[in-house]
Amino acid sequence: MLFNGKPFLHSSKERQRLQNKALKDHYVAYISHRMYRSELEYISLLLGC
38 MLFNGKPFLH SSKERQRLQN KALKDHYVAY ISHRMYRSEL EYISLLLGC
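First residue of the sequence shown: 38, per the numbering used here; consecutive thereafter.
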């Protein structure tokens with residue numbers, strides 16, 4: 038989304054290039070999500086305390 042609230046749209050040529058790239062390239066990705074009980078716990082883990 039752009040700063041003025043309008044959706045970002047690729048040109049049709051760029052959209053096709055990105056789709057082709059996504060089909061032939063494989064990426065290994067991991068998503069890590071953790072809930073923290075408090076801000077103190079979150080900051081402590083960030084600082085390695």
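FYI, nobody ran anything at the bench for these hints, they're computed from the structure.
Idealized CB from N, CA, C, for every residue including glycine.
Warning: the hint list may mix true and false statements.
Just the calculated beta-carbon pair ranges, DEER-fashion [what the hints assert, rightly or not]:
#, residue 1, residue 2, range
1, Pro44, Val65, 28 to 36 Å
2, Asn57, Leu84, 24 to 32 Å
3, Ser48, Ser81, 43 to 51 Å
4, Phe40, Arg74, 45 to 53 Å
5, Leu83, Gln56, 36 to 44 Å
6, Ser69, Leu46, 28 to 36 Å
7, Lys50, Ser81, 47 to 55 Å
8, Tyr73, Gly42, 41 to 49 Å
9, Gly42, His70, 40 to 48 Å
10, Leu77, Ser49, 46 to 54 Å
Hint-by-hint comparison with the structure:
One distance hint, 28 to 36 Å for the beta-carbon pair proline 44 and valine 65, holds here, with the actual separation near 29 Å. Taken as a hint, the range 24 to 32 Å is violated for the pair asparagine 57 and leucine 84, whose Cβ atoms sit roughly 44 Å apart. Evaluation of the 43 to 51 Å hint for serine 48 and serine 81 yields a pass: the beta carbon distance comes to about 47 Å. The beta-carbon spacing between phenylalanine 40 and arginine 74, approximately 35 Å, falls outside the hinted interval of 45 to 53 Å.
At about 37 Å, the beta-carbon gap between leucine 83 and glutamine 56 stays in the expected band of 36 to 44 Å. Taken as a hint, the range 28 to 36 Å holds for the pair serine 69 and leucine 46, whose Cβ atoms sit roughly 31 Å apart. As the Cβ distance of lysine 50 to serine 81 is approximately 49 Å, the hint placing it in 47 to 55 Å holds. Distance hint for tyrosine 73 and glycine 42: a CB-CB separation of about 31 Å, inconsistent with the stated range 41 to 49 Å.
Take glycine 42 and histidine 70: their Cβ atoms lie about 28 Å apart, and the range 40 to 48 Å is violated. Checked against the given bound of 46 to 54 Å, the beta carbons of leucine 77 and serine 49, roughly 50 Å apart, stay inside it.
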